[in-house]
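Turn these sequences into a full structure, and let the hints steer you where they fit.
These protein sequence lines are chains L and R, in that order. Those letters in the first sequence? Residues 45 to 976, by our numbering. Those letters in the second sequence? Residues 11 to 397, by our numbering.
Hint data in this document are derived by calculation from the structure and do not stem from the laboratory. From a predicted model like this one, the values you see are computed outputs, not experimental measurements. Hints are not guaranteed to be accurate.
Stated by the list, open to error - Covered stretches of chain L, going by a simulated chain R footprint (3 or more residues, C-beta under 8 Å):
1. 382-393
2. 569-583
Stated by the list, open to error - Listed next, the stretches of chain R that the computed footprint assigns to chain L, with coverage defined by at least 3 CB atoms under 8 Å from CB atoms of chain L:
3. 369-375
4. 378-388
As the list claims (entries may be wrong) - Here are a few chain L residues that sit away from chain R, every Cβ distance over 10 Å (derived from the structure):
5. PHE222
6. ILE289
7. PRO300
8. ARG307
9. LEU310
10. GLU429
11. PRO491
12. GLU713
13. GLY726
14. ALA744
15. LEU776
16. ALA792
17. ALA897
Built from N, CA and C at the ideal position, the CB exists for glycine as well.
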Amino acid sequence: MTAPSRVLVIGSGPILIGQAAEFDYAGVQACLALREEGIETVLVNSNPATVMTDPDVGGTVIICPLTIEHVTRVIEEHRPDALLPTLGGQTGLNLAVALDDAGILERFGVRVLGTPLTAVRAAEDRGGFRDLVIGIGEPVPESAVVESLDDGMRFVEVLNAPIVVRPAYTLGGGGGGFAHTAGEARERIVAGLAASPIGQVLVERSLLGWYEIEFEVLRDANDTTIAICGIENLDPMGVHTGDSIVVAPIQTLPDPLVQRLRRCALKIVRALKLEGGCNVQLAVAPDGSDYRVIEVNPRVSRSSALASKATGYPIARIAALIALGKRLHEMPNPATGGNSAAFEPAVDYVVVKLPRWPFDKFPTADRSLGVQMKATGEAMAIDREFGSALLKAIRSLEPRGRGWLWEDPAWQLGHRRPHDLESFLAPTDTRLWRMIGLLRHGRTGAPAISAVTGIAPWFTDRLAELVEAESRVVGAPLLDAKRIGFGDADIAALSGVPPVAIRRARVRAGIGPAYRRVDTCAGEFPAETPYFYSSYAEAEVRAPAERQSVIVVGSGPIRIGQGIEFDYCSVRAAWAIREMGLDAVVINNNPETVSTDYDACTRLYFEPLDTESVLDVIDHERALTGTPPAVVLTFGGQTAIDLAKDLAYADVPIAGLTAEAIEITEDRERFAGLLDELGLEGPRGSLASDADSLRASIGALGGLPVIVRPSWVIGGRGIAVLRTPLDLASYLTTTEIGWPLRVDALVAGIELDVDVISDGTDWCVPGILEQVDPPGVHSGDSVGVLPPQHLSRPMQERAAEAAGRIALALGVRGILNVQMIASDERVVVIEANPRASRTVPIVAKAVGLDVVAAAVRCALGATLASVGLAAGLAEDGGEVAVKVPVGSLWRLPGVSSELGPEMRSTGEVLGLATSASAAHALAREAAATHGG
Amino acid sequence: MPIAAQQTEPDTTPAATERLASFSSPGLLALEGGMVVRGALHGSRLAAEGDLVFTTAATGWGEILTDPSYAGQMVVLTHPMAGSYRIARGELESSQVHARGLVVTRMVDPPPGPGLSLNDLLVEGGVPALSGVDTRALTLHLRGGAARRAVVAPAETTEDVAIEMARSSVAWDTVDHVSAVATRDPFVVAPVGARRARAVLIDYGVKRSLLVALASRGIEVVGMPPGSSHADVAAVNADIVVLSPGPGDPSRMSPQIATVRALAADAIDGGAPILGICLGHQLLALAAGAETRRLAVGHHGGNHAVLEVATGRVDIGAHNHEVEVIDGPALAAAGYRVSHRDLNDGTVEGLVHGSGRIASVQFHPEGAPGPIDAARVFDRALERALA
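If you want it as C-alpha cells, here you go:
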C-alpha cells in the first residue's frame, strides 16, 4: 500500500454527554502521528474548543458543520487522497459512512484508511453482527422475534432464564420490560404485542446483573491482534459503562475466564477484519460459568482513551499508524523505546474511574442510572491497590464536602436501616456513598450489599475493608492512614483538626508519597515514559531533572461550565512552556483528555487536583529540580483557581497572579471597591442577609428585575434572575439559599466577554465576544459573536480599556476574563475572572493567535512586545466568528430546557465566515447537526 | 411512631469488620545482597529459600504455584493484589505446589464460594507467602541485576541470620529439580475423542495444560520419566516425541541431552518427529551443540509477543523461562534455524530443523496462566505426527 499524501480527519463536533474530550485526544494523537510520517492532514470539526483544530496540530483546519455537504466541499477544495474515519467518535464514523454511501469518496478518489467501512457496517449492523458472532461460535444473548404469545412462551420455556421484551416500532421502548418468571413473561409479552403497532416483539435473554467486561483491542493488517487492556465495570449490566465505576485491569475473574473472554474479543476483531482499535463489550454470568457478546465499537472510544491512560499505551496514535498500513511488530515500542509495539501492557497498579454527573447543577433531574449515559465527564486515579485508587478517584471528583465521608443526612443511617435496601441501593450517582454509609453504620454487611446490587463481592469486600480502616484512622500512625489511601482532608475530618494540621504533621514526619512510573511493562524493562502517579510506597530512582519546571494545573473531569476548553488551554500552556526551554509539568486526572497524554508535556502527574496532591507534586518537583517550580493556575478553570488560597498559604508563588487578586475578584464587595477606585461602573447592588433585607435591597435598586448570587460565587452556582414578584416568591421558598446574597440590578444592554492579556505594565485585548442572548442568560449558553456586531469601535475600545485597567490594578500578568454590559454609552463591569475562560479557544481560532502561549509567557515574565502583541484592542480580523452552544439536555429527564443564569449546555460549535450572517448560519447549521 | 420503632430495631446485620483478613504473622524477605523487607507471613510459617523471579501475570496464582517449572524459585507478583478469586482445583497445573514461596504486595481474602483461596493453597503446599512488600521496588531491584537467592522467614529470624541463610542457600541452577518434580513411572493420558495419534512425552516437569492441549487434539500421550533412555522412548513407537517443559538449568542435564540427541537423529532420519517446549526446546538446542545461558531478567508472564519468522505472524505468548538458547553458529551447523523470536528483547523463542521434523518453542503455547494464541504449534505438531 502506498502511503497517502493528504489525509482527511473528521472530528466529533461539540461535547455532548457520551461524546467528550476523548475524541480530541484521539484526533490530536492521530494528526501528530500522521505528520511525523510526513503526511499532510486536513481536519474538519465544528468544535473550536479543541486542540485538534489548531493548525499546528490539524494541519489544514476547516471549522465547519459536520454535514455531508460541507465535508464534500472540503474534499472538493482540498483533495485529500485518504480518509481516517475511526478517530472522530460515532459522529465522525457516521459521516464517513454517509460520504461513502453518497459516492463522494469514490468520486474524489478518497480511500478509507484502516478499518474498512464494510467492517464498520458489519460491526454496527445489529443483525449482521449477531450473525457474524454466531458464525464464529461465540455466544450472543438468545432472542426471538415473535408475533404471538404462544411463540413467545415457547422461547421463554426453552430459555428458562430472565427475559426482556422489546416491542417493535414503539418510541423509547414503551410497553417493554423485564420478566423473571413465566408469569411475568406472559404479562410482558401480551403487553408488548399490544403496544407494538405491528404486533411484534423481540424477546431476549436479560443480562441484567451480569458482570460487564470490556477489552480494548488493536489489530493490524498482518492480523496481529492484541488486547491492550481488560476493563471491569463495578456496576453490573444495566448501567451504561460511561456511568459505571470502572476498574482496570480485571480484578475479580480467574485466569481461565479472563483468557476465555480475551480470546473471544480477539476472535471477533479478527473476524471483522478491523485495522485499528476496537472496543469489545462482554457480559459474564456472576458465577463465571457463561458469557455473552454484547457489542463492539469499531473505533477509538472513551474506553480506549481510558485504556491508553490506564496502561500508558497510546492506542489512538498506534491505530492511526496501523491505518497507514504499518504493522505493530515493526513499530517501536511507544513506552520503552524497545523494538516492538506488539505486546500487551502489564500493569502493576490498579486504576479506578469514577463518572462525574451534572446533578449538582440540576437538582430536579432524575438521578437514576440506566442504559442511557448521564455523566458529562470522569476522573481516573492510579494507585497500587484498589482501595487507595478509589479514595484518590473520589478526591479527583472535587467533591466539595462530598468525599469519602459524605452521607446524605436524609438517609438517617445513624438511626436506622433503610426500609427497602433494594430501592435504597438502586443505581444512582450516590450509590457508592450509600454502600459506604451502610457499612460504616453497620446497617448491613458487604455480602448483603452484593446480593442486592449485583456488584461483585470482591468490590464490596474492599469497601468494607476501607470502612474498617477508617475506624482505625484516629489514634493510629499517620503513615498507616496514608498508605491505605485516606486523603489529608478525610484524616483531618476524622481527627477533628483542620487539613493543614495533617499536612504539617506529614511534613514534620517526612511522610509523603513517592511517584511511580506508568511504564506499560510492570517494571520488566527500563522505560522513559514521563508519566507518574503517587503512592505511599518506596521512591523509584528519579531521572535527574535540571531545568526549571513550570506546573500547569489542569481542570479535572468535564462538567457543565468547565469543559474541554480548559483542556485546550492547559495543553497550549504546556506546549508554550516546553518551547521556552522549560520543563512543562501537567497535573490532571481526566483520562479523556489531550493534557493527560504524557507526550503533551515534560512530566505528567495523574493526580487529584486538590490542595494535598498539588502541594505534594510541587514538593516533589522542587526536590527533583532543586528549584521551586512555577505554578500556573490560570488555565485549569475554577478547579485550579480554587487552589490559590491554599497554595499561597503554603508559600507557593503563583505565576502571574496573587491569591489577593483572586480574592478581590471573588468577593463582590471588594471588587466593587476596586471598580470605584478605577472610576469604573459596576452593578449597583448590595448584600442581603435574609428575605426581608433582600426585599429591601430590591426596593433600593428600583425594583425588579435583579440578579442574585451568593457573595462567594463558585462556578456560577446558585445564581438566579428574578424578574417578577412570583420569581422572588418561588426563589425564597424553593431554593436552598447561601446567604448572604449579592443583589444587583439586571442591567439591560449587550453583554461582552473580554479576555485581556497583561504583562503587568501593558495590556492587550485580542478580541471581544458579544453575547447575543440577553443578560441573565449564562454566557456559556448564549450565542456569541466576535467581533461585536452591535457596538461601535469606540465603545469596544472603552470596554477593552476597562478590562485592561482592571488587569493592571489587580497586578495580573497573563490572562484575565472580564464580563461586562454595554448599555448605551455606559460600560458596566459585571465580574472578572483571573483566569482563562471558555472564550479563549474561540478568540484564538477567530483571530488566529495562540492566546494561551502569549498569556503564559507573560505570566512567566515576558513582555507583551516580546510575545509579539501590540498594546490595546487588536484590530478586527477579516472574519466573523459565531459561537452557538449545544446541549445534552434531552438526555436528562427532569431538567427544564429553559435558559437562565445556570449554564446548561455541554458544548459549542463555531461558524467562521466573512460576514456575520453567514457565520451565524454556519454555526446554527453546525449546532442543528448535533441536536442543538 | 415509626421512627422510634426503627431506632429500637435490633441491629442484626454483621459489622463491616466481621470478615477479617486471613491469619498472618510478621515475616521478612532477605536477599543475599543484604536487602531485607518486612511484611506479613501467610500460608506456611516455616522459612523458605529459593531464587527470586518476578512474573507480570495479573492472574493465575494457582497455575503459577503448581507449575513444576517454578521448582526452586520464589515468585514475586508485580500485580499488587493477589488472591482475589477462588482457585478451582481443575486450574492447578499439577497435584502439588512447586514454587518455594510467593512475594506479594497485598494478599486478598477472596469472597466465599467453592474452590481454594490462595492462602488455602499455600497452606496445602506448605509454602509461605510474604505480603506487604513493595513488589514494584523489588522488581526494579531484581531487574537491575540484584543477586536472586533469597529467604522468606518468620520475623523472629534476625536480619543477619536471614541474609546468611540466603547466601548459604543452594543455588537454583546447581540442583536437579527435574528428578524432584517429574514422574517416576510411565503414565498414559487418553485422547479426547477418537485417537488420532500417539505421542511419547518425556516428562521433565510437565504441566496439566500441556497434556490437555495434546489430548484435546486426539493425541494419546504416553508420559515417560525424565531419565528414560533412547530405547525406552523408541519402544513406545509413538507418532511424535514431545519434550516437556520443566525446571532448572538444562546445561547440567547431560544424560537427557544425550537421549535427545539420539531422538533428534532419529527424527531427522525419518523417525518420530519432535516437539520441544521450554526446557525441551533448550535440551534440543544443547543436543545440537548450541549453548544456553541464564537470562539477565527471566521471562515470566503472559504479555510478550513472539514473531514467527517464516510467516511474519505475531502472537502474544505465555512465558516462563530463566534460561535462553544462544543463537550461535552451532545451531545453523546442526541444521536448525530460529523459527520464533521474542519481539521485546530478541530472545530465541523457537527452533525448527531443516528437515521439518523437529520444532521447538521456548514459550508456552498451552498458556496457563496466559494466552494460548499460538496453540497452532500443537496443530502443526499433530500434522507432522500424522504425515
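| Hint check, failures only | Of the numbered hints, 3, 7, 8, 9, 10 and 11 do not hold.
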